[in-house]
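Residue numbering for the sequence shown follows the numbering used here, beginning at 51 and increasing consecutively.
Keep in mind that the hints were calculated from the coordinates and are not lab data.
Nothing false has been slipped in among the hints.
PhoX-like, lysine-lysine: derived pairs with alpha carbons at most 20 Å apart: (1) K96 x K139; (2) K96 x K133; (3) K93 x K133.
For each label pair, taking beta carbons as the anchor points, the in silico distance ranges come out as: (4) R107 x K54: 29 to 35 Å; (5) A143 x S72: 25 to 31 Å; (6) A74 x R131: 30 to 36 Å; (7) G70 x V108: 36 to 42 Å; (8) R107 x Q73: 28 to 34 Å; (9) S55 x G137: 17 to 23 Å; (10) A143 x A66: 17 to 23 Å; (11) P118 x S85: 33 to 39 Å; (12) P118 x S98: 33 to 39 Å; (13) S67 x G121: 51 to 57 Å; (14) I99 x A75: 18 to 24 Å; (15) I124 x Q73: 43 to 49 Å; (16) K125 x G101: 39 to 45 Å; (17) V87 x P127: 24 to 30 Å.
The beta carbon of each residue, even a glycine, is placed where N, CA and C say it ideally should be.
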Amino acid sequence: MADKSITKTELVASIASATGQSQAAVSGVLDSLFSTVSDAVAKGSKVSIPGWISFERVETSARTGRNPQTGAEIKIPAGQRVKVTAGSKLKAAVK
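Model the full assembly from the supplied sequences, consistent with the hints where possible.
Okay, here's the thing in structure tokens:
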């Protein structure tokens with residue numbers, strides 16, 4: 051695990067420094083990106099940035115789980131979750 055996470059503020063500052071844009075402008079673009087991705091995924095669309103990352107909504111089936119404190123079985127209802135997949139460029143950058 052990494053020793054440190056990058057916060058949104060640090061990400062905005064880094065991008066602003068690299069591009070010469072203001073932090074307010076970069077923050078606005080990131081907010082719009084996150085909003086657009088979440089709206090599209092919520093509607094069932096797949097969002098893909100080829101080579102980097104993709105997001106999609108997937109259905110989960112109902113299943114039986116177990117309470118780790120008591121050991122009692124619990125019913126977990128069917129639902130939806132977000133699947134995030136790393137692309138080839140991101141995977142290569144991590145190696």
